[in-house]
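Given the structure of chain L, go ahead and fit chain F onto it with the hints provided.
The listed protein sequences correspond, in order, to chains L and F.
Numbering-wise (the working numbering), the first sequence opens with residue 1 and increments by one.
Numbering-wise (the working numbering), the second sequence opens with residue 1 and increments by one.
If you are wondering where the hints come from, they were derived from the structure by calculation, not from laboratory data.
What you are looking at is a predicted structure, and each value in this text was computed from that prediction instead of being measured.
Treat the hints with care, as some may be off.
DEER-style ranges, computed between Cβ atoms [said to hold, decoys possible]:
1) F:48 <-> L:19: 52 to 60 Å
2) F:118 <-> L:444: 22 to 30 Å
3) L:360 <-> F:110: 27 to 35 Å
Here are the computed lysine to any residue pairs in the SDA-like style, where the Cα-Cα straight-line distance is at most 20 Å [what the hints assert, rightly or not]:
4) F:27 <-> F:41
5) L:190 <-> L:180
6) L:47 <-> L:59
7) L:511 <-> F:245
8) F:114 <-> F:126
9) F:11 <-> L:497
10) F:27 <-> L:456
11) L:277 <-> L:191
12) L:446 <-> L:456
13) F:114 <-> L:317
14) L:277 <-> L:456
15) F:134 <-> F:112
16) L:511 <-> F:11
17) L:446 <-> F:90
18) L:511 <-> F:75
19) F:27 <-> L:387
20) L:511 <-> F:211
21) F:75 <-> F:41
Facing chain L, according to a computed beta carbon distance under 7 Å, are these residues of chain F, among others [as the list claims (entries may be wrong)]:
22) 106
23) 117
24) 122
25) 310
Just so you know, even glycine gets a beta-carbon here, dropped at the ideal spot from N, CA and C.
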Amino acid sequence: MQSIYKILIFSFLLIVAAFSLMWYKIVYLGFPLLQDKTENIWNIQAKITFNSKYKQSGVVSLTLPSKQNGFLIINEESSSPNYGYSVQNVNDVRKGVWSKRELQRGSQVLYYSIDIIKDRYSKVDPQKEFEQIIYQEDVSTPIMVAGKSILNSIYEKSANATTFTSLLIDEFNQKDPSQSTKLIRNNFMKNDIQKRDTLLKMVDYMGYKVRTVGALYLEDRKRNVDLVPMLEVFDKGKWQLFDINKGRISNNSHIFIWQRGSQFLLEAEGVSNSNVKFSITKNIVPARNAALVKDVKNQSALLDFSLFILPNETQNTFKFLLLIPLGALVVVFMRVFVGIKTSGTFMPILLSMAFIETELLPGIVMFIVVVTMGLVVRSYLSYLNLLLVARISSVLIVVLAIMAFVAIMSEKLNLEYATSITFFPIIILSWTIERMSIIWEEDGAKEVFQQGTGSLIVSVLAYFAMTNQTLSFITFNFPEVLLAVLGLTILLGRYSGYRLSELYRFKTMVKE
Amino acid sequence: MLFANPFSLRKLGILGMNNRNINFIGKYNERKNYPLVDNKLQTKHLAQEHNLAVPELLGFIEYQVEVNSFEKYIKDEKSFVIKPAKGSGGKGILVILDSKNGKYIKPSGEELDKTDIRRHISNILSGLYSLGGKNDIAVFEKVVNFDDRFDGFSFEGVPDVRVVVYRGYPSLAMMRLSTSESDGKANLHQGAVGVGIDICTGKALSAVQFNRPVKYHPDTNKELKTLEVPYWDDILYLCSQCYEMTNMGYLGADIVIDKQRGPLILELNARPGLAIQIANDLGALTRFKQIDKVYGKHKTIQERIDFSKSNFCSKG
Chain L
1 MQSIYKILIF SFLLIVAAFS LMWYKIVYLG FPLLQDKTEN IWNIQAKITF
51 NSKYKQSGVV SLTLPSKQNG FLIINEESSS PNYGYSVQNV NDVRKGVWSK
101 RELQRGSQVL YYSIDIIKDR YSKVDPQKEF EQIIYQEDVS TPIMVAGKSI
151 LNSIYEKSAN ATTFTSLLID EFNQKDPSQS TKLIRNNFMK NDIQKRDTLL
201 KMVDYMGYKV RTVGALYLED RKRNVDLVPM LEVFDKGKWQ LFDINKGRIS
251 NNSHIFIWQR GSQFLLEAEG VSNSNVKFSI TKNIVPARNA ALVKDVKNQS
301 ALLDFSLFIL PNETQNTFKF LLLIPLGALV VVFMRVFVGI KTSGTFMPIL
351 LSMAFIETEL LPGIVMFIVV VTMGLVVRSY LSYLNLLLVA RISSVLIVVL
401 AIMAFVAIMS EKLNLEYATS ITFFPIIILS WTIERMSIIW EEDGAKEVFQ
451 QGTGSLIVSV LAYFAMTNQT LSFITFNFPE VLLAVLGLTI LLGRYSGYRL
501 SELYRFKTMV KE
Chain F
1 MLFANPFSLR KLGILGMNNR NINFIGKYNE RKNYPLVDNK LQTKHLAQEH
51 NLAVPELLGF IEYQVEVNSF EKYIKDEKSF VIKPAKGSGG KGILVILDSK
101 NGKYIKPSGE ELDKTDIRRH ISNILSGLYS LGGKNDIAVF EKVVNFDDRF
151 DGFSFEGVPD VRVVVYRGYP SLAMMRLSTS ESDGKANLHQ GAVGVGIDIC
201 TGKALSAVQF NRPVKYHPDT NKELKTLEVP YWDDILYLCS QCYEMTNMGY
251 LGADIVIDKQ RGPLILELNA RPGLAIQIAN DLGALTRFKQ IDKVYGKHKT
301 IQERIDFSKS NFCSKG
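If we strip away everything but chain L, and leave its shape as in the complex, we get (with noise of 0.2 Å):
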């Protein structure tokens, strides 16, 4: 008794590790369990264009993003031929540096570009000081004075600096504002930028922290576009997201920031008229692709681990071979459950191997015509009085010798399917044979049928299993199902219940 309770228990654990190995890789590694989900790589580029003088040695460097919640850089490169190119720290911004010698002639473009992706489990913690230097010498007494109505009425009716800015924005971006928001609004207001900056001095005054941000909308085609100026403010110990046009942003995972304080986005030296524009592209791609990507990125162990670490060859043969317990675990039900007989116990996985590069239908088709043929041919060679080895070997001989003229007749009559059967396994199919034979000899051709027609049912059986996309995918990218299948098999493996032919079988003594 007490060793089925353990066997109990291990299945029991084998088949509560695969399933919560599979529901972390779903929900903290963003594998998809079904095949045709799809997810979005976004494809950055700036775009550095500037004039050069002759012979003069340059300088370009961009400020570069770096790491942020809810999105992860998976790729990062730099296209300028003849440039060299670096990536700096400067207190804690990244910049990439290009340099050269002696420039050419004329306009010159750099090109930067990185690939993103939406990943909600990539965080980064908010820092609390950041550099921002605030010039407040230009901000004049008058306007200042008139600022400073706007700014006490609306700190009133605020209670934080969330609120405060969201305020304040609201202020400036009203249809019909008063007198001296419009007076601001005309004299210090006359760009994003420009407006930006007014209302970081604002918010500053009035004590909060705040810092400036450059950022991009996410939206797919948008062609030489500039950084969105934004603001972001200090508050409830995380910085808070505005748009200077729209206000609060409370959902930001459709924005990636570029740029955060006050250096600048582009510095140039031995250059003139330098800009930089962004172009935004969205790429759509398999979702395992995404996942399996953001898990390098992350450094996921369990991926470490994984058979994504194969060559693809390797993966492709793996992705077969994960199959195979499947077919097996069909066998055993088969076995255990219904009581099928078959010819050899793994037979039908092999045959439904074979069928797997066959096709289903043309498969059991060559294995009637190849048995069959064969059969016949050893019933000839039984004549001879050959050794069993000499005489399996004959038939292996005859088998192939079937299967080549089985190839050539389709192919004369363009049945192009029957090529295929060259997959049978055909050592197995000659034991069978031999085998099947020796059992037609000994007990007759009713049970040579039974045992042929058992072994077809189930390696059919096992052909859906092993063909089903949905089971193949989810082997493949969660092989520890194996691992349940492993429980299962342990469990079928222990039941001694009543076989579906045995119900049968012992009909006769179960009186009315």
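Chain F in isolation, oriented as in the chain L frame:
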């Protein structure tokens, strides 16, 4: 109804294949003891050591080179049996009843020549009939002249008694009678008739062929009810001794009755089948449970047999 209700089968105490494999064979038959029964040559030697009667061994062939001179192993016997040492389910057993002028005659009257015999031996050695396809040994033994009392009960073959010995207690018995359909073989799934035998008297109970009840032997029309196994007490004793000899808790003993020598152990089986239940029209589990209850109480073979005889009597 195509299928029986599994609960009514359980109620009848019918032993199923999975249950047999896990809870009887797996539990009571130790793997290391398997060769004792799987290898008929070993069984024979072991039986002789224990002074249990077996059909006389003529010789055996182990290597292909000896196949050509097989005649010297038959020792001038006109009738003989060739069987694979590790065969199962009666596969590969060749019975020759008479030989003259280089011709060998099977029970069916079919004539074989020397090359046929050689081929058969060679097949045995190559492992065609052995369990795992491994090389095997061809065993030659004397043909059993079965007792006259079985005349008309068997067709072209030796009838044998199968007794299932559970933990040393004879628990179920049947007689297997070959028919024309079974081609002289005594295997039920090949069409032999199985006759349930009353453990306490050795008399026939009910009979089946292909899982269907029959009253008369299909070839000889002899009424099967009249069958009575001679030497019944000796048979019970003989098969119970096999338990001491092999230490297997779930054992099938196949016994033949020779005209001169009486009951002989033909072979032992570590995986006896379930058809015996149909022949007896009785579920094996009911008896196994009775035995489990008293297991350990009876010290001698005779005590165990007495228990079986007094508890497993047919009511009819």
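Consistency of the hints with the structure:
1. F:48 <-> L:19: 52 to 60 Å: 58 Å, holds
2. F:118 <-> L:444: 22 to 30 Å: 25 Å, holds
3. L:360 <-> F:110: 27 to 35 Å: Since the Cβ atoms of residue 360 (chain L) and residue 110 (chain F) sit about 43 Å apart, the hinted range of 27 to 35 Å is violated.
4. F:27 <-> F:41: Roughly 25 Å separates the two Cα atoms, so the pair is violated.
5. L:190 <-> L:180: 15 Å, holds
6. L:47 <-> L:59: 16 Å, holds
7. L:511 <-> F:245: 39 Å, violated
8. F:114 <-> F:126: 18 Å, holds
9. F:11 <-> L:497: 13 Å, holds
10. F:27 <-> L:456: 33 Å, violated
11. L:277 <-> L:191: At roughly 17 Å apart (the allowed maximum being 20 Å), residue 191 (chain L) and residue 277 (chain L) satisfy the hint.
12. L:446 <-> L:456: 15 Å, holds
13. F:114 <-> L:317: 52 Å, violated
14. L:277 <-> L:456: 65 Å, violated
15. F:134 <-> F:112: Distance ~26 Å between residue 134 (chain F) and residue 112 (chain F) Cα, so the pair is violated.
16. L:511 <-> F:11: 12 Å, holds
17. L:446 <-> F:90: Within the cut-off at roughly 18 Å; holds.
18. L:511 <-> F:75: 54 Å, violated
19. F:27 <-> L:387: 40 Å, violated
20. L:511 <-> F:211: 14 Å, holds
21. F:75 <-> F:41: 18 Å, holds
22. 106: Violated: closest Cβ of chain L sits about 13 Å from residue 106 (chain F), beyond 7 Å.
23. 117: 11 Å, violated
24. 122: 6 Å, holds
25. 310: 25 Å, violated
Hints 3, 4, 7, 10, 13, 14, 15, 18, 19, 22, 23, 25 from the list above are not met by this structure, while the remaining hints are.
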